[in-house]
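This is what each chain is made of:
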Amino acid sequence: MARCAGRSLGALSIGLSALVAACGAERHPQTTLDPASDIARDIAGLQAMIFWWILGVLVVVTAVLVYVLFRFRQRPGAPPPRRIHGNNTLEILWTLGPAVIVALILVPTVRTIFRSYQEAPEGAVRVEAIGHQWWWEFRYPDLGVVTANQIHVPVGRPVHLSLSSADVLHNFWAPRLAGKRYTYPRLPGPGGERENFNVLLFTVEEPGAYSGQCAEFCGTSHAHMRFRVVAMGERAFDDWVADMGGGGPPAAEEDPGGIEPEDDGGASATATAQDTVARIPSDAQVEQGRALFAARPCVACHAVQGVSQGALGPSLTRFGDRWSIGAGALANTQENLEAWIEDPGAIKPEAKMPGARVAGGGMPPTNLTDEEVAAIAAYLLSLK
Amino acid sequence: MSEHAAQIDRHYTTTGIDSRKLGLWVLIGSESLFFGSLIATYMVYRGQSTVGPFPHGPDGLLDIPLTSVSTFVLLMSSLAMVLALHAVQVSNRRGAITWLLATALLGAGFLGFQAYEFTHFWHEGLTLDRNLFGASFFILTGFHGAHVAVGVVWLLILMTEAWRHRLPASRALSVEIAGLYWHFVDVVWIVIFTLIYLIE
Amino acid sequence: MATIEASVPSGAHAPSHPKTGLWSWITTVDHKRVGILYGATALFFLLVGGLEALLMRIQLSRPENDFLSPDLYNQLFTMHGTTMVFLVGMPMAVAFFNYIVPLQIGARDVAFPRLNALSYWIFLFGGLFMNASFLFGAAPNNGWFGYAPLTGTAYSPGLNMDFWGLGLQILGVASIMGGVNFITTIINMRAPGMTYFRMPVFTHLALVTSFLIVTALPVLAVALFYLTFDRFWGTQFYVTAAGGNPYLWQHLFWIFGHPEVYILILPAFGIISDVIPTFSRKPLFGYALIVFSGILIGFIGWGVWAHHMFSTGLGPIADAFFSVSTFIIAIPTGVKIFNWLATMWGGSIRFEVPMLFAAGTIAMFLMGGVTGILLGSPPVDLQVGDTYFVVAHFHYVLFGGLVLGIFSGFYYWWPKFFGYKLGHGLGLLNFWLFIIGMNMTFMPMHFVGLLGMPRRVFTYPAELNLATYNLVETVGGFITALAVLVFLLNVLRSRGGERAGPNPWGGFSLEWATTSPPAEYNFSAIPIVRSREPLWDAEEGILAVTTGEPPEPIHLPNPTFWPLLTAACITATFALFMTNLWWPPLVGFALTLLMAINWAFEPSGH
Numbered sequence: 001m002a003r004c005a006g007r008s009l010g011a012l013s014i015g016l017s018a019l020v021a022a023c024g025a026e027r028h029p030q031t032t033l034d035p036a037s038d039i040a041r042d043i044a045g046l047q048a049m050i051f052w053w054i055l056g057v058l059v060v061v062t063a064v065l066v067y068v069l070f071r072f073r074q075r076p077g078a079p080p081p082r083r084i085h086g087n088n089t090l091e092i093l094w095t096l097g098p099a100v101i102v103a104l105i106l107v108p109t110v111r112t113i114f115r116s117y118q119e120a121p122e123g124a125v126r127v128e129a130i131g132h133q134w135w136w137e138f139r140y141p142d143l144g145v146v147t148a149n150q151i152h153v154p155v156g157r158p159v160h161l162s163l164s165s166a167d168v169l170h171n172f173w174a175p176r177l178a179g180k181r182y183t184y185p186r187l188p189g190p191g192g193e194r195e196n197f198n199v200l201l202f203t204v205e206e207p208g209a210y211s212g213q214c215a216e217f218c219g220t221s222h223a224h225m226r227f228r229v230v231a232m233g234e235r236a237f238d239d240w241v242a243d244m245g246g247g248g249p250p251a252a253e254e255d256p257g258g259i260e261p262e263d264d265g266g267a268s269a270t271a272t273a274q275d276t277v278a279r280i281p282s283d284a285q286v287e288q289g290r291a292l293f294a295a296r297p298c299v300a301c302h303a304v305q306g307v308s309q310g311a312l313g314p315s316l317t318r319f320g321d322r323w324s325i326g327a328g329a330l331a332n333t334q335e336n337l338e339a340w341i342e343d344p345g346a347i348k349p350e351a352k353m354p355g356a357r358v359a360g361g362g363m364p365p366t367n368l369t370d371e372e373v374a375a376i377a378a379y380l381l382s383l384k
Numbered sequence: 001m002s003e004h005a006a007q008i009d010r011h012y013t014t015t016g017i018d019s020r021k022l023g024l025w026v027l028i029g030s031e032s033l034f035f036g037s038l039i040a041t042y043m044v045y046r047g048q049s050t051v052g053p054f055p056h057g058p059d060g061l062l063d064i065p066l067t068s069v070s071t072f073v074l075l076m077s078s079l080a081m082v083l084a085l086h087a088v089q090v091s092n093r094r095g096a097i098t099w100l101l102a103t104a105l106l107g108a109g110f111l112g113f114q115a116y117e118f119t120h121f122w123h124e125g126l127t128l129d130r131n132l133f134g135a136s137f138f139i140l141t142g143f144h145g146a147h148v149a150v151g152v153v154w155l156l157i158l159m160t161e162a163w164r165h166r167l168p169a170s171r172a173l174s175v176e177i178a179g180l181y182w183h184f185v186d187v188v189w190i191v192i193f194t195l196i197y198l199i200e
Numbered sequence: 001m002a003t004i005e006a007s008v009p010s011g012a013h014a015p016s017h018p019k020t021g022l023w024s025w026i027t028t029v030d031h032k033r034v035g036i037l038y039g040a041t042a043l044f045f046l047l048v049g050g051l052e053a054l055l056m057r058i059q060l061s062r063p064e065n066d067f068l069s070p071d072l073y074n075q076l077f078t079m080h081g082t083t084m085v086f087l088v089g090m091p092m093a094v095a096f097f098n099y100i101v102p103l104q105i106g107a108r109d110v111a112f113p114r115l116n117a118l119s120y121w122i123f124l125f126g127g128l129f130m131n132a133s134f135l136f137g138a139a140p141n142n143g144w145f146g147y148a149p150l151t152g153t154a155y156s157p158g159l160n161m162d163f164w165g166l167g168l169q170i171l172g173v174a175s176i177m178g179g180v181n182f183i184t185t186i187i188n189m190r191a192p193g194m195t196y197f198r199m200p201v202f203t204h205l206a207l208v209t210s211f212l213i214v215t216a217l218p219v220l221a222v223a224l225f226y227l228t229f230d231r232f233w234g235t236q237f238y239v240t241a242a243g244g245n246p247y248l249w250q251h252l253f254w255i256f257g258h259p260e261v262y263i264l265i266l267p268a269f270g271i272i273s274d275v276i277p278t279f280s281r282k283p284l285f286g287y288a289l290i291v292f293s294g295i296l297i298g299f300i301g302w303g304v305w306a307h308h309m310f311s312t313g314l315g316p317i318a319d320a321f322f323s324v325s326t327f328i329i330a331i332p333t334g335v336k337i338f339n340w341l342a343t344m345w346g347g348s349i350r351f352e353v354p355m356l357f358a359a360g361t362i363a364m365f366l367m368g369g370v371t372g373i374l375l376g377s378p379p380v381d382l383q384v385g386d387t388y389f390v391v392a393h394f395h396y397v398l399f400g401g402l403v404l405g406i407f408s409g410f411y412y413w414w415p416k417f418f419g420y421k422l423g424h425g426l427g428l429l430n431f432w433l434f435i436i437g438m439n440m441t442f443m444p445m446h447f448v449g450l451l452g453m454p455r456r457v458f459t460y461p462a463e464l465n466l467a468t469y470n471l472v473e474t475v476g477g478f479i480t481a482l483a484v485l486v487f488l489l490n491v492l493r494s495r496g497g498e499r500a501g502p503n504p505w506g507g508f509s510l511e512w513a514t515t516s517p518p519a520e521y522n523f524s525a526i527p528i529v530r531s532r533e534p535l536w537d538a539e540e541g542i543l544a545v546t547t548g549e550p551p552e553p554i555h556l557p558n559p560t561f562w563p564l565l566t567a568a569c570i571t572a573t574f575a576l577f578m579t580n581l582w583w584p585p586l587v588g589f590a591l592t593l594l595m596a597i598n599w600a601f602e603p604s605g606h
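Chains as they are written, first to last, in the numbering used here: chain A, 1 to 384; chain B, 1 to 200; chain C, 1 to 606.
One or more of the hints may lead you astray.
[To be verified] Just a few of them, taken from the derived set where beta-carbon distance is under 7 Å, the chain C residues facing chain A: (1) PRO316; (2) ILE317; (3) SER348; (4) VAL370; (5) LEU374; (6) LEU451; (7) VAL457; (8) THR459; (9) ASN558.
I should point out that these hints are in silico values taken from the structure, not numbers from a laboratory.
Each residue gets a CB set at the ideal place from its N, CA and C atoms; glycine is no exception.
Generate the whole structure from the sequences, applying the supplied hints.
See the structure below:
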């Protein structure tokens, strides 16, 4: 009967939520239930509070439904029911009741709304996230760093992420760190550029690599528009900025006491077990790749700090440190990278990059030989 | 007939209003949302065009004096419509024909002004695809003009009916309903004229 | 098409139009036949939309699956949503409005029978036009919500979104006409004594729904005109480089879109508001509150639209305002549930299949409604919005609320439509398969969303560890499909079943005062209504008046083919936009006017 469905639904939801809470971020890297930043924690707290209220409503009302269906089922020989048309008191009460619950939920909601729009305090790290079809461009305007699909931030310092788009609407979502907000293309104002960007402000509480992805349908490869936020100690962050060619404070000298190891959840390690067994590129191959990269059309779109300035595609500075190829399309290994350079469209449909023998993104095929492809891949992976 | 059976006249309606008239009022409500959205978009995009021509300002395209005349013409058509309805109601066939034709002609005159304005703007470089002003202006006034055109056709048909002695006082409702539509289209123009032309 | 055998007196006063054959269906203006046409067509599109869903679920059953290409997946999820909302949900409601509303108010037909037929044919042609896109391999692929600027020619150069924009325009015309028709009918064609407060709740909510239709669809029409003009004639409403603001589309679409979801759910609420009292043998508890809360939902529903935009960065004031309005609207929605429960309380509940479905509707809608509270809090929405949590929410309210409510209506009114009941045993199986299947599919989606899977993705990475949930959801989808097949089986097996009398369930409203199915003229004589439950108060007396030989000649409108022809011209007018020339649509428009004029001068039989 319907009562069985109702009862088992209730039990199921309680059981499952307990189960879910027990499985943290190791099992589900994009969970909203294991917050790692101040604002994510606020939101999770509000979410939990509302959840208990609605669970209460669900359980009580379902229980009444189940009870009514059972208790007032037709019995043979029972007298016809009394024709009651209503009861004003009751109806007023059960209108006011939900109103009270709703009011109770509204107060912390409004408070958290304003918290989600706070201004950035002094000393915040400013990052600009620009959504493209289908990759993320990241710029640090104060530090002079440009990268793609992966940002590094210091633990414990507010990060002011301003969001915009180079084309269509995207949505930046790193569930453990903040809610999501849309990226809008910049609108031209009648008198010049006008800002039209959303902001996410968060302070990461623990070092680690945090997974995220685009959450607004943006075309064919929307599902392959992922990114990673790597949170690290201040010193490690400064080192990273310097390595990326940025103008931040120079990397500190060795500190005898309490060196913070490069703790970023292992995101820097790109080699999988498989890869270490596979070919290890020789220095000669890397050199050949460097020369090829600089001479071929690659530089028209891709920037590498100190080598090229291309801005149409993702920056490849320190590409060897990236967690993936193609914004989450493939793990970052020699073999995968060769396959990508060979034919990006086969891996990520409609990717705007030409392959070796396939045109793409409005550009003709690159006509690279297999050996040349391997060399370029080796070179890129060497950038660390 | 038993106490449960009703004696119903063939033209019975619960409110006493003819269903066609009621239906047109509902349609007018719906059309209000349609024109309201078009007008709201115009207002939202006011001042947002990145390139000219612009509506107001030193080189502004909108010609207030001329449009005031066309607005007056349209308003007069509403007067003609009222007179046409009255003529039909008192079985004045000649008056009905005259005033229905007058309404249609005045409406067509308004459309003539619109056509002139559109072509003038076109020559000044304001096309549909030129800027946000062109897009939102032409779509809004274009749909309004299309509504006027439909109205003119409707009126000419009614006039023909009157000419063929097929519009007696008993069919005055047909004219009243056309009149309702016509006055609505007129009111929409008043709003457009005020918000788009008069207010800078 | 089932031949309807009417056990109808056909004496000297009964009008005789041919009742069988394709031509009689093509030219029909009888609201009952139009209702059946709507229902059958919507059921067909339910199968189409369901197939699209199954294909999606197969693709998602494993991470990084390659059963479907991304582009095909994107076409399927777009068409699934568009089909279910515009080709199933709305027409199903209209099917019931068509058949039942005139009967419930004691009328012989709707206010504008030919306009009614026109609405149907436009719906059919519009639905076929939109699905014809599959033949071009270019089905719409940017979501049922079509956000700009993705839908512009710069990012969607193919025919896909042309089909979408034009198809929806065509369907919108049908909807608005239907809305005008039903508003006029309900206001103006009630039997003597049928005051507003004696109308069944189904008819009340049909009135509210119709008001929402005629006011919300024009806003969508404007948004779509901007899109089609952008795509065909270079306007820049949604082109950011020229100043076109993507927010414009979002606001216009959701100003339409939120009332739209009430358009979808209120008819189902109406159905179960009639079913529950019937099978509890008790009048509806708090009729006035239910009616007023329906009207209130209609009004407040205009003020909540931006809760679909909480992560677009509207600012704290706007966020807070729309959050408040969203929470407020939860109250009239919720109290209905209490009223239904109170109706059952103290009643004598018969567990016929319509009642089961009604109880299921309440339970499933409640589940969807409470997750709506979570979504109504903007900071929470920043996390769970645009994820599978939202997919779970709206499927609970739409599948659980709308679809189960519709099926309650099917099983309830089937004997009235066709003269025999649908089988009880298969009906039970139908119901339980739905409950099991739908919960298996949509309950895990809450967790999948909370655990980080966004919407509208053709695949997901294995490392999210959501594969098991997704697999369970897919299995649930197939169980749901089985439920639909069981329903179809029930339809086929029940034909020629035991003949139903006028009131097989012991209902209280006027549709049960006609034969099953009703005569073409509905009532032999129009009854005088003296209460909210006329058949519970005076069944014998009323039946004597309403069934049997008509005492006077009854004139009904003649069948006509102008509605079908006009519908074809209207469809062609929009379809001809795709020639990219300006004059073919104008020719289509002129032809449409010509059809309309011919129609206007045709004798209507009144």
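Structure-based check of all given hints:
Nearest Cβ of chain A to the Cβ of C:PRO316: about 5 Å, under the 7 Å cut. The hint holds. For C:ILE317, the shortest C-beta to C-beta distance to chain A is roughly 9 Å, which exceeds 7 Å, and the interface hint is violated. A hinted interface residue such as C:SER348 counts as satisfied when its beta carbon comes closer than 7 Å to some beta carbon of chain A; here the least separation is about 5 Å, so the hint holds. A least Cβ separation of about 4 Å between C:VAL370 and chain A falls short of the 7 Å threshold, and the interface hint therefore holds.
Evaluation of the C:LEU374 hint against chain A yields a held restraint, the C-beta minimum of about 5 Å falling below 7 Å. Proximity of C:LEU451 to chain A holds as hinted, the smallest CB-CB distance being about 4 Å (cut-off 7 Å). The beta carbon of C:VAL457 comes within 4 Å of a beta carbon in chain A, closer than 7 Å, and the hint placing it at the interface holds. Below 7 Å, beta-carbon pairs count as interface contacts, and C:THR459 has one with chain A at about 5 Å; its hint therefore holds.
Interface restraint check: C:ASN558 against chain A, minimum CB-CB distance 44 Å, threshold 7 Å, status violated.
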